[in-house]
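Engineer: Residues per chain are reported as follows:
Number of protein chains: 2
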Amino acid sequence: MALIVQKFGGSSVADAESIKRVAKRISETRRAGNDVVVAVSAMGDTTDELLELADEVTPIPAPRELDMLLTAGERISMALLAMAIKGMGFEALSFTGSQAGMITTADHGSAKIVDVTPKRVREALDQGAIAIVAGFQGFNRGTGDITTLGRGGSDTTAVALAAALDADVCEIYTDVDGVFTTDPRVVPLARKIDRITFEEMLELAASGAKVLHLRAVEYARRHGVELHVRSSFSGEPGTVVYDPEKGLSEGEHMEEPIITGIAFEKSEAKITVAGVPDVPGKAAQIFEVVAKTNANIDMIVQNVSAADTNLTDISFTVPMGDGRRVVEALEAEREALAYGSLQYDDQIAKIAVVGGGMRDASGVSAQLFRALYEAGINIEMISTSEIRVSVVTRVDHMEKAVRALHTAFGLDAEAEATVYAGTGR
Amino acid sequence: MALIVQKFGGSSVADAESIKRVAKRISETRRAGNDVVVAVSAMGDTTDELLELADEVTPIPAPRELDMLLTAGERISMALLAMAIKGMGFEALSFTGSQAGMITTADHGSAKIVDVTPKRVREALDQGAIAIVAGFQGFNRGTGDITTLGRGGSDTTAVALAAALDADVCEIYTDVDGVFTTDPRVVPLARKIDRITFEEMLELAASGAKVLHLRAVEYARRHGVELHVRSSFSGEPGTVVYDPEKGLSEGEHMEEPIITGIAFEKSEAKITVAGVPDVPGKAAQIFEVVAKTNANIDMIVQNVSAADTNLTDISFTVPMGDGRRVVEALEAEREALAYGSLQYDDQIAKIAVVGGGMRDASGVSAQLFRALYEAGINIEMISTSEIRVSVVTRVDHMEKAVRALHTAFGLDAEAEATVYAGTGR
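One line per chain: the protein sequences are R and B, in this order.
Per our numbering, residue 1 is the first one in the first sequence, and the count goes up by one each step.
Per our numbering, residue 1 is the first one in the second sequence, and the count goes up by one each step.
Hints were generated in silico from the structure; no laboratory data involved.
Backbone N, C-alpha and C define an ideal beta-carbon position, used for all residues, glycine too.
Be a bit skeptical, because a hint or two may be false.
Said to hold, decoys possible - Derived Cβ-Cβ restraints for the label pairs, each shown as a range:
(1) B:E17 with R:R334: 44 to 50 Å
(2) B:E17 with R:E236: 46 to 52 Å
(3) B:R31 with R:E123: 45 to 51 Å
(4) B:G340 with R:D15: 37 to 43 Å
(5) R:Q127 with B:M320: 34 to 40 Å
(6) B:P59 with R:E236: 30 to 36 Å
Using the sequences and the hints given, assemble the complete structure.
Structural biologist: Here you go:
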């Protein structure tokens, strides 16, 4: 008998019919003799509808009250799910984040989990009941107030519960069959990945893969919680995310492939500070100004200084939403920073090729550059980690580039993948 | 500076616009220098919509989960109301029933308040904030579970908070101008009552007047909480419900009128057990059978035994929803009870004439019978209390009877009342 944590997202519980289907799946896991704990998101578009209501009531809703409002969403889905399961003859009890012991910081809207004390969840399991826990929400001990973990927090709830309860596996149910070598909507020959390491999954998630939240993967890695990303529709095995040092709970350990997957995103903008005096400390000065805006800097490239002018160009990418703030901050400090000009460019895409096997293989970068060159695609920035090579291209070339790389690295499947309407969120 | 508790029902917070209007009214009370605590119901039809969802998911929802589900309703309205008030520049904090210390029994769906410990509400007031409390909901200490007080429980929440906080007045905002001498939709010349005693209000509420819940009035009387029932639309003074021994907080004490108001309802059915042997203990035997069904018996009439047969008829009324259960129980015991026949009649109406002055006046019943006789209306059952006379008539005659009595007892106003679409719920 195993202890299994299952997470169902909003699209899996969008209406009464979906809730009954999910209840059936949970009941089957219980019938098979397992202890089951479920983390569930708000139904379908509930969160967006509540946000819209808040917007109609006041332009800038108080964060504490916004959390109070949004947590009504999972309260509805978890109660319906619990009563549906009970209707199928299994014991079930629903718990709010607070009742399930999800203790967080007091940062409304983006609280961090500081402790998980699932006493009532354990008691429910001991009584033979299935525990249904509200995803996304927590409780701050100092203020006594309800908090939320931010968008996608339900994945984190599931992983945190799995860690605290020492679960055998944490199953993340979604509307796709698992993690793919790349987005099947862009590359029809994308393949489902059977096994992927935490490290690779982190790089993919950080580079734009949407199926799992970065934060949940980080939490899972830190606590050694094996994840199984799978479809709530098909019942087929999905993708297991695991720690290679710990090994897999089931099946054999396999050689890591050189390239596991390709992620991409077009939500970043490139800012270039041109004509910067090439003196020590200048870059630090620039990034201190950027840091004050709280913008999330991703890639940074500094061009070699032109020997005759002793001036250099520094480029970096930030999420588009932060772009304007960064440009304004840099313009305000123009005199102190003594740069020549500032360029803002949001017509870029970032493509990341990820694979644990890259560590032991040479020539990956060369192969990547050649593939893009042959496809006629210009590379504007490059950044690498131990198991990732990222490049920035024009946004118009993104899809072509992803397809070229998918083929060049031998990731193409023999047949096209079934593509669902959803995005795995 | 006074401490004022205000209660707003679902129709007062049905959409974003209504919420903003209510927020404005609350803010004005605060601006006038008062401490304000608000009890709020779920928005408009939210509760019914949630019940419908539950019904789609499973035929008989688990009561614990149903309470978890329904309490999402006030969570939404209270958070929106608090953020709307904050948007107007006043401090506001929303609290769930549990956070506000509404400690109840564990009876899901119809929990009773056993203690009110509004520590966080008091702290909010001390900080100068307006406290917005979820109506209708509570918390059981033994199980740690969320409970609901049953339909209309928000009135009780408001009254219980007012009692625990020793508030100066508890204002019940609704969609009518106050308590009327009778329903203005039936008698256009109905008058708003300025002042009414708890005792009279209890009799009216128990006899079908819908503007205030019986339970809330009982709680208010027991704890000496003066109520002010008023419109959330007009801002005009409404009806003050008070304890005559304590006197009014404002204005002069007045002589109680002989007749204060007329209530009526058509939601009861009459059951007649005919041909019952007129021997001691027979009635007790019958009502023991009825009691086992948990039906709520209202009026009971036993006809004088026919001397020649030594048989008697016993009639009583129960809510229609209980009718079938009672009939089945009586049929099952037919042999033991040895009655002749059983009649079920749901085409009846109950009309109650209420007035504290009745105690010191004679001839009220005679006046009532004459008025109905002159209107050509037959009386089927009669029951009286110290300050009430109730009669049962055919349901078809109900409105005619109410109008005749309203005129006969001098309650008609000089002009017609404004009638709103709502019912005060």
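Engineer: Against each hint, give a clear statement of whether it holds in the structure.
Structural biologist: Hint check results:
{"no.": "1", "hint": "B:E17 with R:R334: 44 to 50 Å", "result": "holds (47 Å)"}
{"no.": "2", "hint": "B:E17 with R:E236: 46 to 52 Å", "result": "holds (48 Å)"}
{"no.": "3", "hint": "B:R31 with R:E123: 45 to 51 Å", "result": "holds (48 Å)"}
{"no.": "4", "hint": "B:G340 with R:D15: 37 to 43 Å", "result": "violated (54 Å)"}
{"no.": "5", "hint": "R:Q127 with B:M320: 34 to 40 Å", "result": "holds (39 Å)"}
{"no.": "6", "hint": "B:P59 with R:E236: 30 to 36 Å", "result": "holds (32 Å)"}
Checked against the numbered hints given earlier, this structure breaks only hint 4.
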